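Undergrad: Below are the chains, spelled out letter by letter.
2 protein chains.
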Amino acid sequence: MLWPNSVALIGASSDTQGLRGRILEIMKGHPFAGAIYPVSRSQTEVQGLKAFPSVADLPEPADLAVLIIPAKFVAEELDRCGRAGIKTAVILSSGFAEEGGEGSRLQDEVRAIAARHGMTVSGPNAEGFVNTAAALCPTFSPVMEAGRPLLPPDGRAQAAVISQSGGLGFAFFDHGRPKDLSFRYIVTTGNEACLETFDFVDYMLDEGKTDVFLLLIEDVKNLDTFDRVAAKALRAGKPLIVSKLGQSQAGSRAVASHTGALAGSHADYRAMFERYGVIESRDLDEMIDIAAGFLAFGSRLPAGKRVGICTSSGGGGAWVADACAAAGLDVPELDAATRALIDAHLPSYGTSQNPVDVTAQAVHQMGYAEFARLVAGSSVVDGVIVVITGRYPRLLVGDRTPLATLARESRKPIFMWSYTKPAQACVELLSEAGYPLFTNMHGCARTMRAMADYRAARERFMRG
Amino acid sequence: MLWPNSVALIGASSDTQGLRGRILEIMKGHPFAGAIYPVSRSQTEVQGLKAFPSVADLPEPADLAVLIIPAKFVAEELDRCGRAGIKTAVILSSGFAEEGGEGSRLQDEVRAIAARHGMTVSGPNAEGFVNTAAALCPTFSPVMEAGRPLLPPDGRAQAAVISQSGGLGFAFFDHGRPKDLSFRYIVTTGNEACLETFDFVDYMLDEGKTDVFLLLIEDVKNLDTFDRVAAKALRAGKPLIVSKLGQSQAGSRAVASHTGALAGSHADYRAMFERYGVIESRDLDEMIDIAAGFLAFGSRLPAGKRVGICTSSGGGGAWVADACAAAGLDVPELDAATRALIDAHLPSYGTSQNPVDVTAQAVHQMGYAEFARLVAGSSVVDGVIVVITGRYPRLLVGDRTPLATLARESRKPIFMWSYTKPAQACVELLSEAGYPLFTNMHGCARTMRAMADYRAARERFMRG
Numbered sequence: 052m053l054w055p056n057s058v059a060l061i062g063a064s065s066d067t068q069g070l071r072g073r074i075l076e077i078m079k080g081h082p083f084a085g086a087i088y089p090v091s092r093s094q095t096e097v098q099g100l101k102a103f104p105s106v107a108d109l110p111e112p113a114d115l116a117v118l119i120i121p122a123k124f125v126a127e128e129l130d131r132c133g134r135a136g137i138k139t140a141v142i143l144s145s146g147f148a149e150e151g152g153e154g155s156r157l158q159d160e161v162r163a164i165a166a167r168h169g170m171t172v173s174g175p176n177a178e179g180f181v182n183t184a185a186a187l188c189p190t191f192s193p194v195m196e197a198g199r200p201l202l203p204p205d206g207r208a209q210a211a212v213i214s215q216s217g218g219l220g221f222a223f224f225d226h227g228r229p230k231d232l233s234f235r236y237i238v239t240t241g242n243e244a245c246l247e248t249f250d251f252v253d254y255m256l257d258e259g260k261t262d263v264f265l266l267l268i269e270d271v272k273n274l275d276t277f278d279r280v281a282a283k284a285l286r287a288g289k290p291l292i293v294s295k296l297g298q299s300q301a302g303s304r305a306v307a308s309h310t311g312a313l314a315g316s317h318a319d320y321r322a323m324f325e326r327y328g329v330i331e332s333r334d335l336d337e338m339i340d341i342a343a344g345f346l347a348f349g350s351r352l353p354a355g356k357r358v359g360i361c362t363s364s365g366g367g368g369a370w371v372a373d374a375c376a377a378a379g380l381d382v383p384e385l386d387a388a389t390r391a392l393i394d395a396h397l398p399s400y401g402t403s404q405n406p407v408d409v410t411a412q413a414v415h416q417m418g419y420a421e422f423a424r425l426v427a428g429s430s431v432v433d434g435v436i437v438v439i440t441g442r443y444p445r446l447l448v449g450d451r452t453p454l455a456t457l458a459r460e461s462r463k464p465i466f467m468w469s470y471t472k473p474a475q476a477c478v479e480l481l482s483e484a485g486y487p488l489f490t491n492m493h494g495c496a497r498t499m500r501a502m503a504d505y506r507a508a509r510e511r512f513m514r515g
Numbered sequence: 052m053l054w055p056n057s058v059a060l061i062g063a064s065s066d067t068q069g070l071r072g073r074i075l076e077i078m079k080g081h082p083f084a085g086a087i088y089p090v091s092r093s094q095t096e097v098q099g100l101k102a103f104p105s106v107a108d109l110p111e112p113a114d115l116a117v118l119i120i121p122a123k124f125v126a127e128e129l130d131r132c133g134r135a136g137i138k139t140a141v142i143l144s145s146g147f148a149e150e151g152g153e154g155s156r157l158q159d160e161v162r163a164i165a166a167r168h169g170m171t172v173s174g175p176n177a178e179g180f181v182n183t184a185a186a187l188c189p190t191f192s193p194v195m196e197a198g199r200p201l202l203p204p205d206g207r208a209q210a211a212v213i214s215q216s217g218g219l220g221f222a223f224f225d226h227g228r229p230k231d232l233s234f235r236y237i238v239t240t241g242n243e244a245c246l247e248t249f250d251f252v253d254y255m256l257d258e259g260k261t262d263v264f265l266l267l268i269e270d271v272k273n274l275d276t277f278d279r280v281a282a283k284a285l286r287a288g289k290p291l292i293v294s295k296l297g298q299s300q301a302g303s304r305a306v307a308s309h310t311g312a313l314a315g316s317h318a319d320y321r322a323m324f325e326r327y328g329v330i331e332s333r334d335l336d337e338m339i340d341i342a343a344g345f346l347a348f349g350s351r352l353p354a355g356k357r358v359g360i361c362t363s364s365g366g367g368g369a370w371v372a373d374a375c376a377a378a379g380l381d382v383p384e385l386d387a388a389t390r391a392l393i394d395a396h397l398p399s400y401g402t403s404q405n406p407v408d409v410t411a412q413a414v415h416q417m418g419y420a421e422f423a424r425l426v427a428g429s430s431v432v433d434g435v436i437v438v439i440t441g442r443y444p445r446l447l448v449g450d451r452t453p454l455a456t457l458a459r460e461s462r463k464p465i466f467m468w469s470y471t472k473p474a475q476a477c478v479e480l481l482s483e484a485g486y487p488l489f490t491n492m493h494g495c496a497r498t499m500r501a502m503a504d505y506r507a508a509r510e511r512f513m514r515g
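So the sequence lines, in the order shown, correspond to chains A and B. Counted the way our numbering counts, the first sequence spans residues 52 to 515. Counted the way our numbering counts, the second sequence spans residues 52 to 515.
Check each hint, because a few of them may be wrong.
The list makes no distinction among identical chains, and a pair is therefore deemed to hold if it is satisfied within one copy or across any two copies.
Here are the simulated DSBU-like cross-link-like pairs (lysine-lysine), alpha carbons at most 35 Å apart as the crow flies [to be verified]:
| no. | residue 1 | residue 2 |
| --- | --- | --- |
| 1 | K272 | K472 |
| 2 | K356 | K123 |
| 3 | K272 | K101 |
| 4 | K472 | K283 |
| 5 | K138 | K101 |
| 6 | K230 | K101 |
| 7 | K283 | K272 |
| 8 | K472 | K356 |
| 9 | K283 | K123 |
| 10 | K356 | K138 |
| 11 | K289 | K101 |
| 12 | K356 | K101 |
By construction, these hints were calculated from the structure, which means they are not laboratory data. Bear in mind that the values here come from a model prediction, so they are computed numbers and not experimental data.
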């Protein structure tokens, strides 16, 4: 489904103001190398592509059918796809179990037809998916607008987003790309009549190219699948960062009418998550922060909760120390040997105690990398947070090579927090050097905590 | 001090790479109408301005002296200022109580000299201040770079920032300006040898042009001043949004070495804050969010904690409902009369229960304003959160007039949260229409909660 050579778009339209036209416009706006076959009863050409009256008339059975037609026609059309030899389908149409009654009946019918033809079906009530490596974007999400570069230029570690909610699924991409994160897949699963979130995780784990998973779920349909896949992910060391919608009464009302999900007891979910080291979060920004931490330093997880703070702003150091304490991290005084090494570079109003206030003056002379290296070298810390101002690339440009060397060689994770609003050039410079740049200090502290907890959970699990 | 007609800059330099040169470059980069007198022992002209060898040689006693010279010369120079008839001074130099020992002695000397001449002194170890209305920026903070517009174009409600930490103080401006917030003053107070945070609040309350205060404090020097000023602010309905640095052990170590502050017990601070409805926060982004809420709807504080959620994304509605519950807000089902009004506009897969999922389709047809108006009209809610996508101005442009009318006429606050990363044009369009646009849903929910709590605290206080 995620790697088709040909896609039939059923319900294609020339009207790019509407969802049915926008999906084709977006697909054409990225360099997908496979064939796109618009299927339209009324048009012979759609947006410059030859259109076909039915899936039965395609030059070949498409590898994937994307359906965006009214709910009442979906079952019949899916059956036609099955008979035409199409093996996978994504149903974007709404009007199924999220409405109850007749909608639920239609959804059961879809499930039965899929089973009869042995088809793999995602949706209904979904917003499509994106495979960035194939430049394939069968979705009407405006976030995937034509021409937007899907990936950073290099081949770094990649995240996948799987979300029942379409809008929120693509919101991860929208927030994460400016932070220079690399996404391999964004999959929105809607009502999950057939395929569910953890089926996709399973596939991606087997494929072995996704390093971090961001999952937004409204319910878990199949507990056996969850158990099996969550255990597989933990064994592989591929973290699942999950937010479970519908924890509150009103939220639970909302998910029922959104995707027909039964929210379930949150305590039950929490116990399930803890068993497999699943990282739970309640916030989009925080989830992206945690993903950024794992993508950069997933191979160097902190061995404990002790953090060294290195700062050019005295107030910033104090504030982030408070944030670390709130996140359950320790900020111990550094050992005497490390302090002596640092003190040799500090003016009289700096301090090496931890937070290490290196002062703006010393940073101007020596850059951040050397101080971060000294702090990371202390045996009393498991990771380092560097407080910087990312407003101007000037300072960082001169420090680029030592920073990249440190990121490559450090055996402890090093996180950067900018207390000013960072320039995009700084985000990208640091990202290329191997660092996530956090804009929220709590997100930064919670990331270090989540990574330490994940390592501990995995070690427990592997010991059995 | 904040409104001088003439400023003597003692330690002015031509080297704009250094702090002493940068401060003059920044001052000249904004259209301050008063006189700037560089004072330099070695130069007769600095950055194109005539320089004077001593404050005694100025054509008039300057209204304000800004000192950026080595700590050991500060006392002598301040005395010279006093003798020259200068009544106010800001000391940016470091090397005082934050270093202990000799530094503490120098700070005592500064205090004594100020008292002897009856001078008003801010600092030492500060980063200067900004008065946006006067376009006066005696600071070396790179955030205040030349040419940056200091204020939005119109005369809306304004916030002031007062911070012991220079870097963080200006970080509020740096984060808040892109959100189209209007700042009247940013004052960084450093070690607070003489003037302290609440002296500035006191002045600004008397002036009557500041509506919201963002305070970042490391300690409260004078409890009587705090009591008097906090009570005055609460009576005036001008909220104090405060973060107290040094709550953790490491944070408290850090503030001691940063500004020589003794952090004190956090429980004591919390009790003090609660007495006067002071809004406590631990996070820069959240503080700005809360300020944005008060600036827009401070005259329409929510009468309780019941929130109506209006969303174009079903998942977004569920998630923000969970965030509201986490913030201690209620999300009640709407009353039947309101639901009937809303249902008349919804497609079958929408719902009016609350969260009100109006669906992307209905929003495309009717815009956000009409739905927000209907939800706000319900007697069971005290405020409204509207979940939007602020990625493109397209939808909002057509809705601009109804949105502005609603913001003006609504007797309940209306908050906007964009689940996608908003375009700057959307932030400004909504800001001009009268709405803060939140990018974090928890910040949005906590803002509504803080405003409800503040109203309750103020009503209790006024009843005595």
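Undergrad: Now look at each hint and say whether the structure bears it out.
TA: Each hint tested on the structure:
For the homomeric pair K272 and K472, the shortest alpha-carbon distance between copies (31 Å) is at most 35 Å, but the shortest distance inside one copy (41 Å) is not. Taking the shortest alpha-carbon separations for K356 and K123, neither the intra-copy value of 55 Å nor the inter-copy value of 42 Å comes in at or below 35 Å. Neither within a single protomer nor between protomers do K272 and K101 lie at most 35 Å apart by alpha-carbon distance, with minima of 40 Å and 77 Å respectively. Taking the closest pair of Cα atoms, K472 and K283 come within 35 Å of each other only across two copies (33 Å); inside a single copy the shortest separation is 39 Å, beyond that limit.
Taking identical chains as interchangeable, the C-alpha atoms of K138 and K101 lie at most 35 Å apart only when both belong to the same chain, with a minimum of 22 Å there against 82 Å between chains. In this assembly of identical chains, K230 and K101 lie within 35 Å of each other by CA distance neither inside one copy nor across copies; the values are 39 Å within and 46 Å between. In this assembly of identical chains, the alpha carbons of K283 and K272 lie at most 35 Å apart only when taken from the same copy (18 Å versus 57 Å across copies). Taking identical chains as interchangeable, the C-alpha atoms of K472 and K356 lie at most 35 Å apart whether they share a chain (27 Å) or sit on different chains (32 Å).
In this assembly of identical chains, K283 and K123 lie within 35 Å of each other by CA distance neither inside one copy nor across copies; the values are 39 Å within and 65 Å between. In this assembly of identical chains, K356 and K138 lie within 35 Å of each other by CA distance neither inside one copy nor across copies; the values are 49 Å within and 51 Å between. In the homo-oligomer, the alpha carbons of K289 and K101 never lie at most 35 Å apart, since the shortest distance is 43 Å inside one protomer and 65 Å across protomers. For the identical chains of this complex, K356 and K101 are neighbours neither inside a copy (60 Å) nor across copies (56 Å), given an alpha-carbon limit of 35 Å.
Violated hints, listed in ascending order, are 2, 3, 6, 9, 10, 11 and 12; each of the other numbered hints is respected by the structure.
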